[in-house]
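Kindly produce the complete structure, drawing on both the sequences and the hints.
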Amino acid sequence: MLKGKKILVTGGTGQVARPVAEALAEHNDVWCLGRFGTPGIERELNRTSITTRRWDLEDPSPDALAAVPDDFTHVLHSAVRRGNDGDFNATIEANAVATGRLMAHCASADAFLYVSTGALYARQSLDHLYQEDDPIDGVADWLPAYPVGKIATEGAVRALSQVLGLPTTIARLNIAYGPGGYGGVPMLYFRRMLAKEPIPVPLQGQNWFSPLYTDDLVAQVPALWDAASTPATLVNWGGDESVGITDCVRHMSELTGVPALLAPSEVTRETYRFDPARRRALTGPCTVSWQDGIRRTLAAHFPEHVPGADPAVTGATPTSPAHR
Numbered sequence: 001m002l003k004g005k006k007i008l009v010t011g012g013t014g015q016v017a018r019p020v021a022e023a024l025a026e027h028n029d030v031w032c033l034g035r036f037g038t039p040g041i042e043r044e045l046n047r048t049s050i051t052t053r054r055w056d057l058e059d060p061s062p063d064a065l066a067a068v069p070d071d072f073t074h075v076l077h078s079a080v081r082r083g084n085d086g087d088f089n090a091t092i093e094a095n096a097v098a099t100g101r102l103m104a105h106c107a108s109a110d111a112f113l114y115v116s117t118g119a120l121y122a123r124q125s126l127d128h129l130y131q132e133d134d135p136i137d138g139v140a141d142w143l144p145a146y147p148v149g150k151i152a153t154e155g156a157v158r159a160l161s162q163v164l165g166l167p168t169t170i171a172r173l174n175i176a177y178g179p180g181g182y183g184g185v186p187m188l189y190f191r192r193m194l195a196k197e198p199i200p201v202p203l204q205g206q207n208w209f210s211p212l213y214t215d216d217l218v219a220q221v222p223a224l225w226d227a228a229s230t231p232a233t234l235v236n237w238g239g240d241e242s243v244g245i246t247d248c249v250r251h252m253s254e255l256t257g258v259p260a261l262l263a264p265s266e267v268t269r270e271t272y273r274f275d276p277a278r279r280r281a282l283t284g285p286c287t288v289s290w291q292d293g294i295r296r297t298l299a300a301h302f303p304e305h306v307p308g309a310d311p312a313v314t315g316a317t318p319t320s321p322a323h324r
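Going by full-length UniProt numbering, the residue at position 13 of the sequence shown is 13; the numbering climbs one at a time, nothing skipped.
Any given hint could be a false lead.
[Claimed, not checked] Have a look at the derived ranges for each label pair, beta carbon to beta carbon:
| no. | residue 1 | residue 2 | range |
| --- | --- | --- | --- |
| 1 | Asp-292 | Glu-26 | 19 to 29 Å |
| 2 | Asp-110 | Val-258 | 45 to 55 Å |
| 3 | Ala-195 | Arg-123 | 42 to 52 Å |
| 4 | Ser-61 | Ser-289 | 30 to 40 Å |
| 5 | Phe-88 | Leu-188 | 19 to 29 Å |
| 6 | Ala-195 | Ser-229 | 39 to 49 Å |
| 7 | Asn-46 | Asp-127 | 22 to 32 Å |
| 8 | Asp-127 | Gly-40 | 18 to 28 Å |
| 9 | Lys-196 | Pro-144 | 42 to 52 Å |
| 10 | Gly-40 | Arg-280 | 17 to 27 Å |
| 11 | Ser-125 | Glu-26 | 42 to 52 Å |
| 12 | Lys-196 | Asp-133 | 37 to 47 Å |
| 13 | Arg-123 | Glu-26 | 21 to 31 Å |
| 14 | Ser-289 | Ser-125 | 52 to 62 Å |
The set of hints was computed from the structure by calculation and includes no laboratory data. Note that beta-carbon positions come from the ideal geometry of N, C-alpha and C, so glycine has one too.
Structural data, given as structure tokens:
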């Protein structure tokens with residue numbers, strides 16, 4: 001556990017970064033950068049002793065970080081322009097340039113952790129076990145500009161790590177989920193189940209993923225900082241277990257009694273199954289099984305649908321899905 005460090009977190013209101021920031025704030029001086037568009041969310045962070053500063057990575061101004069100190073020991077960069085508008089150039093410009101400026105601003109840090117994505121891998125078979133040296137192509141029909149922006153930003157991160165001598169880890173995230181935020185992708189599917197909306201699934205087989213529960217995600221961040229190096233360390237950041245999306249949806253249906261309308265389709269939200277070997281060597285094994293993690297997450301967000309759930313114990317903190 002880190003203690004007595006000065007830590008900077010971007011995207012601090014999101015599914016990934018917020019629980020990390022709040023956990024670290026107990027024993028460290030934690031600062032969060034963001035737009036804080038959700039009413040009241042900045043005050044909530046401040047109440048946990050987190051210092052906040054407004055920062056929009058789409059702000060082209062060279063002095064956008066002028067109000068931010070430059071003496072952080074550790075940086076977690078999770079903020080992202082997802083490219084929902086389909087503008088590839090704007091997505092690349094915002095993410096790569098802002099990240100470069102952030103790394104230059106924090107060049108004296110002990111470690112910089114950049115949160116990338118597994119969506120940049122070249123799609124192979126549905127159950128392929130993706131490793132860090134697998135080919136990438138940045139093709140994602142469900143959000144085309146997103147992985148391209150991540151590839152461009154990974155390039156900037158690799159370059160700046162070496163130019164600045166800044167020890168860096170690039171962590172390609174799988175699907176993070178848990179009781180905070182909006183719950184992660186599994187809860188998006190459960191909301192569709194509640195609305196009796198069809199859930200697109202492949203015509204044959206199923207999409208596989210490596211879900212990472214909040215408790216494990218938070219616990220692994222210090223180890224990912226410890227692994228930072230120059231050139232940058234590259235690691236797939238997902239859970240130990242491979243799970244089929246269809247199996248996950250059916251499991252949620254069994255837990256809650258809410259039926260799932262599975263609709264075979266040529267276009268689905270593609271997910272990726274990670275080989276956890278390199279990550280396990282850096283962080284150790286995960287501690288929460290996917291079945292238990294799904295139950296806890298459902299109990300937090302939809303306690304009325306989970307027998308025995310106690311919302312006072314598993315309460316969720318609302319966050320927009322747009323953050324991650």
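Now the hints, each set against the structure:
1. Asp-292 to Glu-26: 19 to 29 Å: holds, 24 Å
2. Asp-110 to Val-258: 45 to 55 Å: holds, 46 Å
3. Ala-195 to Arg-123: 42 to 52 Å: Between Ala-195 and Arg-123, where Cβ atoms are some 28 Å apart, the hint is violated.
4. Ser-61 to Ser-289: 30 to 40 Å: Violated, at about 46 Å.
5. Phe-88 to Leu-188: 19 to 29 Å: holds, 24 Å
6. Ala-195 to Ser-229: 39 to 49 Å: holds, 46 Å
7. Asn-46 to Asp-127: 22 to 32 Å: At roughly 45 Å between Cβ atoms, Asp-127 and Asn-46 fall outside 22 to 32 Å, so the hint is violated.
8. Asp-127 to Gly-40: 18 to 28 Å: violated, 43 Å
9. Lys-196 to Pro-144: 42 to 52 Å: violated, 29 Å
10. Gly-40 to Arg-280: 17 to 27 Å: violated, 38 Å
11. Ser-125 to Glu-26: 42 to 52 Å: holds, 43 Å
12. Lys-196 to Asp-133: 37 to 47 Å: holds, 43 Å
13. Arg-123 to Glu-26: 21 to 31 Å: About 41 Å separates the Cβ atoms of Arg-123 and Glu-26, which means 21 to 31 Å is violated.
14. Ser-289 to Ser-125: 52 to 62 Å: violated, 25 Å
Of the numbered hints stated above, those contradicted by the structure are hints 3, 4, 7, 8, 9, 10, 13, 14, listed in ascending order.
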